[in-house]
Structure formats: structure tokens, C-alpha cells
Amino acid sequence: MRLTRVHCRVIVPLNATRSPRDPSRSSMMKSPATHSPGPAVETRLSTGHVAPGFESVRNALDAMLLSDPRFSAQITAVWRGETVVDLTGGPDLAADSVTGVFSATKGVAATVIGLLLERGLFDLDEPMATYWPEFAAEGKGEITVRQVFSHRAGLVGVDDGFAVEEFIDSARAAARLAATAPQWQPGSTHGYHALTIGILMEEFVRRLTGRSLQEVYETEIRAPREIDFYLGFPESEEPRFREVLPPAPTPAEAAELSARASSTDGIQALAFNVLHGELPPAGGDMGPNSRRMRASGFAAIDGIGSARGLAHLYQAILGGPGAEPLLSKTTTEQMSREQSVGPDRVLVLPTSFAIVYMKPNPRLDFASYRAFGHDGAGGVFGYVPMPMQLPGGADPKGIELSRLIRASIRRLQQ
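Residue numbers for the sequence shown follow this note's numbering, beginning at 1 and rising by one.
Hint data in this document are derived by calculation from the structure and do not stem from the laboratory. Hints are not guaranteed to be accurate.
[To be verified] For lysine to aspartate or glutamate, the following EDC-like pairs were computed, each having C-alpha atoms within a straight-line distance of at most 16 Å:
no., residue 1, residue 2
1, K329, E118
2, K397, D68
3, K397, E118
[Unchecked claim] So the derived label-pair ranges between C-beta atoms look like this:
no., residue 1, residue 2, range
4, V341, S236, 29 to 35 Å
5, S67, P239, 27 to 33 Å
6, A171, R70, 37 to 43 Å
7, A171, Q414, 39 to 45 Å
8, R70, R363, 23 to 29 Å
9, T209, R363, 33 to 39 Å
10, R291, T330, 38 to 44 Å
11, E333, S236, 36 to 42 Å
12, E237, T209, 38 to 44 Å
13, P224, E126, 39 to 45 Å
From the three backbone atoms N, C-alpha and C, an ideal C-beta is built for every residue, glycine too.
Given these sequences and hints, build the entire structure.
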């Protein structure tokens, strides 16, 4: 199977609902002649469509494809329930291709947590041990669900690391986490629970429902809405799958990561399951390029889907014309409210999180303060701006394409 390096997959679902201040559809869709669509590219390399007013996005993508023959991308943008950008380009992706999205999986899994919150199955401010009694070990009895899912619990890993089999059967990993002491005073700071957030979400759903997170997602979210994004990728869909490698670190970055892995506090090593001071290979045995991992759909990193699928998933949260929202406004606000912001103990840079979902921050300024979603290695980003506005990107190419999308929206609203 050919390895694909997708430099950019921008997934930009925009709020399907229309606020009272929004202009009507007729006033929104101005003639493209009223603004410059950007320089046209003589050779049309991308496939798909853009709505009137979004031509600059296609022109920019074609220019990128022309300048970098290795570049591949899927881009989907939904505005007010209408797909306004749906483009594919490059040698390694077709419109119906699916790939691993690495940590963007977390945003999809978080939607299952939101669904259970919507149904009143838990309270964010209850101790996690209320629902998972074994979690109270090692002084963790007062850690709340909110703290766990906003990366504030200090449970970033376990001594000796996890075996790959423990990500596939996360009940075993969850038992080890339940017996582990936090790496910092819970609630005092935050640090990215890169892998353990998936273990924690999966066990929490099992405790609340008696079913796996993947089963709840499949039967109650994905299948009823025919969303082209999977937590547990079926073998029948394998012909559409393309392997993707996240960007390889430069020698300097690799040296820095290795230094962090062997640092005195060891938090980075725990969080990324680094064993014996060595970084795991990109997209290795625990990533979505492994058939057994994508079949398991591990909730931290092993989701599989397309740009259309991820956009469809995020739009389902808000609903659209003729479709009820997956989550109520109240639940969406609870899930998307910022909980953690500032220096990250694991990533050692500023981050911001809601309940599992990422929030905009100076490093990743993808939209308005109400936006939420999650990025992933390889240039993947799916999110919802609230109440309606700005899309974002995951690498320089994505940032430029996203800038053009939101500029188009602003023009159409004038």
C-alpha cells in the first residue's frame, strides 16, 4: 500500500443555523463579479465544486497543487447547511478516499460524551468515581468528570507504558489508569492527555451504558446519518483507505522531543507512550495505518474518514435544514466552554481545551472564541465555529485556504 503524505486536509463545517442577525439567503449569495476571485489557474487540478463567491479557494488550491506535485488535500466547508466548498486534489486522494486523522479522532469521540450528557447520564461536576468506583484509588476520589475531560486530572500515562493490545482492549488500560496516581495536583494545571484521554472516554462510556464508545457512535450517530467517518473501520471499506504519515520532525525537533522524553519529570514520555527514551515511529503499530488499530477505532487517534465525513459529523452537532441537532444548544455550550488555557505541562506550549474539544488559542487561532473542534497530525482539522463564523487551518497551506473561505463569507454577508 502506498504511503500518502497529506500536507493539508482542512475540514470546515460552518453553523447550519441562521441567527436573527444573519442576512437572508438571497442577500447572502452575491454575484461573484462583485469581488475578485483571486488569480485564476490555467490548469484546473482540483476536482469538486465551490459555490459562487468561493472561487478564490479553488484558485488557491490549484496553485498549491501546481507548485507542489506531492501535495494532496480534501477540503469541505459547510455554511448554513449548504456545502460551499468540496474539493479534492493531488496524486494520492480521490473524493471518496478516507485516511487516518490521528488526534482529530478525539473531537469525534467527544461527541459521544456530549450525547450522553444530553441524555442526563452524568454530571460534569460529579467525581469520576461516582460512575467508575475503582477510579478513586491513589487519592483520585474527588477528581471530577470535568477535570478528567479538560486535561486537568494529571493522568497522562502509566509506568512502563501501554502495550498496543491495551489500546485495542482499553478496559485493561483503564484498570491500570485507575490504579495510578496523578502526575500533578488535579485541577491545578493542565496537560494534553494525548493517548489516555481515549482510554478514559472509552471506559466512561462503558460504565454509563454497558456498551463501547465505538458501538454508541456507530449505532446512534454515524449509521443513522450516514456519516463517512468511522470509529472502527470495517474491512469492506478498505479499498478506499489511504495510509497517511504525519509530518516527520526535523533533526532539531527530533532531538528536542527525545530530550523531553528523557527529562527529569518524564511527563512527556508518559503522555506519548515513549519507552526507553525512544520515540515511536510515526504512524506505527498504535496508529491508524495499522489495520488492527483502525479496526478498533481507538478513541484518541484511530478514527478513519474523509473531509466530507468529518464536516458532516460536526454539522450534525448543530443540525441543519430539515435535520434536528444532535446536541441541544445547552449541551453544546457545556461541551464547548473553555476549561483549560495557558502553558501545557505536556506539550510545553500554550493550549486551550473545552470538554475534550480544542479551543482557539494564539498558536492555533482557527476561529471565534466560541469555536470548538480538534486537530490531528498530517494537517487534519475539524471544527464548528459558534455561532457561525470563521474556519481555520492546520498548516500554512490550510491557514491560507481557511483565510480565503472566511474572507468569502464576509464578502457575501456585506
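Quick rundown of the hints versus the structure:
{"no.": "1", "hint": "K329 x E118", "result": "10 Å, holds"}
{"no.": "2", "hint": "K397 x D68", "result": "11 Å, holds"}
{"no.": "3", "hint": "K397 x E118", "result": "36 Å, violated"}
{"no.": "4", "hint": "V341 x S236: 29 to 35 Å", "result": "42 Å, violated"}
{"no.": "5", "hint": "S67 x P239: 27 to 33 Å", "result": "30 Å, holds"}
{"no.": "6", "hint": "A171 x R70: 37 to 43 Å", "result": "41 Å, holds"}
{"no.": "7", "hint": "A171 x Q414: 39 to 45 Å", "result": "54 Å, violated"}
{"no.": "8", "hint": "R70 x R363: 23 to 29 Å", "result": "26 Å, holds"}
{"no.": "9", "hint": "T209 x R363: 33 to 39 Å", "result": "35 Å, holds"}
{"no.": "10", "hint": "R291 x T330: 38 to 44 Å", "result": "40 Å, holds"}
{"no.": "11", "hint": "E333 x S236: 36 to 42 Å", "result": "38 Å, holds"}
{"no.": "12", "hint": "E237 x T209: 38 to 44 Å", "result": "25 Å, violated"}
{"no.": "13", "hint": "P224 x E126: 39 to 45 Å", "result": "29 Å, violated"}
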